[in-house]
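Enquirer: This is what each chain is made of:
There are 4 protein chains.
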Amino acid sequence: MDYKSIQVPGACYADFCLIPVGTGSPSVSTEVAEVQKLLKASGLKYTMHSAGTTVEGNWDEVFKVIGQAHTLVHSRGVARVQSSMRVGTRTDKKQTPEDKVRKVEEILAREQQ
Amino acid sequence: MDYKSIQVPGACYADFCLIPVGTGSPSVSTEVAEVQKLLKASGLKYTMHSAGTTVEGNWDEVFKVIGQAHTLVHSRGVARVQSSMRVGTRTDKKQTPEDKVRKVEEILAREQQ
Amino acid sequence: MDYKSIQVPGACYADFCLIPVGTGSPSVSTEVAEVQKLLKASGLKYTMHSAGTTVEGNWDEVFKVIGQAHTLVHSRGVARVQSSMRVGTRTDKKQTPEDKVRKVEEILAREQQ
Amino acid sequence: MDYKSIQVPGACYADFCLIPVGTGSPSVSTEVAEVQKLLKASGLKYTMHSAGTTVEGNWDEVFKVIGQAHTLVHSRGVARVQSSMRVGTRTDKKQTPEDKVRKVEEILAREQQ
Chain V
0 MDYKSIQVPG ACYADFCLIP VGTGSPSVST EVAEVQKLLK ASGLKYTMHS
50 AGTTVEGNWD EVFKVIGQAH TLVHSRGVAR VQSSMRVGTR TDKKQTPEDK
100 VRKVEEILAR EQQ
Chain C
0 MDYKSIQVPG ACYADFCLIP VGTGSPSVST EVAEVQKLLK ASGLKYTMHS
50 AGTTVEGNWD EVFKVIGQAH TLVHSRGVAR VQSSMRVGTR TDKKQTPEDK
100 VRKVEEILAR EQQ
Chain H
0 MDYKSIQVPG ACYADFCLIP VGTGSPSVST EVAEVQKLLK ASGLKYTMHS
50 AGTTVEGNWD EVFKVIGQAH TLVHSRGVAR VQSSMRVGTR TDKKQTPEDK
100 VRKVEEILAR EQQ
Chain P
0 MDYKSIQVPG ACYADFCLIP VGTGSPSVST EVAEVQKLLK ASGLKYTMHS
50 AGTTVEGNWD EVFKVIGQAH TLVHSRGVAR VQSSMRVGTR TDKKQTPEDK
100 VRKVEEILAR EQQ
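Protein chains in written order, with numbering that gives the first Met the number 0: chain V, 0 to 112; chain C, 0 to 112; chain H, 0 to 112; chain P, 0 to 112.
Bound conformation, chain V alone:
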């Protein structure tokens, strides 16, 4: 197989939680706020929730902005940065984050009737 010619997926979502390691403070809100500003400037669609941020878009763009987020936090003097991520790709249909939540809510609503 010609592995080199395999393309990355067109679209994906990545839900990530970035943690600055060794900052001397248990709070991470300052770094999280900085990352939100980076995401806003990227033009990609993103949603912050209490345990991370979900970014959607082209695979290369999504992982570029998460890489930039690591570099941004490093540039604030943080020597180590760790992210945990969930990444999903689908070929059967396009599904926005809102679609995913709505579908579950519709199933639950139908059962209530």
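FYI, nobody ran anything at the bench for these hints, they're computed from the structure. Just to be clear, a hint being listed does not mean it is correct.
FRET-style restraints, in silico, Cβ to Cβ [claimed, not checked]:
no.: 1; chain 1: C; residue 1: Tyr2; chain 2: H; residue 2: Glu97; range: 23 to 29 Å
no.: 2; chain 1: P; residue 1: Val100; chain 2: C; residue 2: Tyr2; range: 18 to 24 Å
no.: 3; chain 1: P; residue 1: Ala10; chain 2: V; residue 2: Lys36; range: 21 to 27 Å
no.: 4; chain 1: V; residue 1: Glu104; chain 2: H; residue 2: Asp91; range: 27 to 33 Å
no.: 5; chain 1: H; residue 1: Val100; chain 2: C; residue 2: Lys36; range: 34 to 40 Å
Even for Gly, the Cβ is constructed at its ideal location relative to N, Cα and C.
Given chain V's structure and the hints, the job is docking chains C, H and P onto it.
Expert: Below, chains C, H and P alone, put in the same frame as chain V:
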């Protein structure tokens, strides 16, 4: 050290994404809906978002309900279930999911002024 | 459905990476070493690798020891602890970590022939 | 700030666990074997363990190969692919996976003396 006497943390949050493996369908919304009903019955505080569900509470109760979620999906004929989780504990202060989001939003709002 | 009567799974594996947040040092090896001693004392089967530790056993025992790991790190003055985890359960067969690696290696070896 | 000019980190490690969703079989070893062949062809350093695979290298290269892994599994007729990942970057020193494990083992060995 007397490791046996170490207690689990009182409070925690766990943000988890449960995936039924080998169901024959790329859709997971039916299983996710079932888990939401289990979480509602548990009485624990939980918030669903597009990439998972965040549950808060006493460590033992949180991991009991996630274990029950695995068993519930198994009981629907799914032989394998995989969850990815982010778990956090703090001793310096109590912080609800809403507090965490609000703190970041306040930092961003202050910078806009 | 009687959700309260649902049991947690008998067996599971949890692969976890524990991060002390706010320690003032980018190194986590001291905390990781402490957790390895806790795991050894627990009697559960565990395997450390460069990106985490895989623990196997009864659901309640696995999540008790991970909870104890959080408490242990807190007891060393770390106010915030974050773990990322992958948790798997199966009902179709018992499979040790070694089985999983061996099965993939056998597939690869057969293809080499 | 000129966010656009921010570079992604030079080096990183990503520990990932890729799950084909909806295949009709609880086994994932065939897909995992295919991904191992892709990783071998990439020339990047990688280590398989029972709960995932750790890849090291340049940020762009690491996330390109994980993207190719998703595409590769999709090309086998799997409509949905989900990966959970742990990603780390450091600016204070270069540390191989072997260094990380050795450092913990050295701490434990010293304490045994």
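Enquirer: Each of the hints needs a verdict: does it hold here or not?
Expert: Evaluation of the provided hints:
no., hint, result
1, Tyr2/C / Glu97/H: 23 to 29 Å, "holds (26 Å)"
2, Val100/P / Tyr2/C: 18 to 24 Å, "holds (22 Å)"
3, Ala10/P / Lys36/V: 21 to 27 Å, "holds (25 Å)"
4, Glu104/V / Asp91/H: 27 to 33 Å, "holds (32 Å)"
5, Val100/H / Lys36/C: 34 to 40 Å, "holds (37 Å)"
This entry satisfies every hint, going by the numbered hints stated previously.
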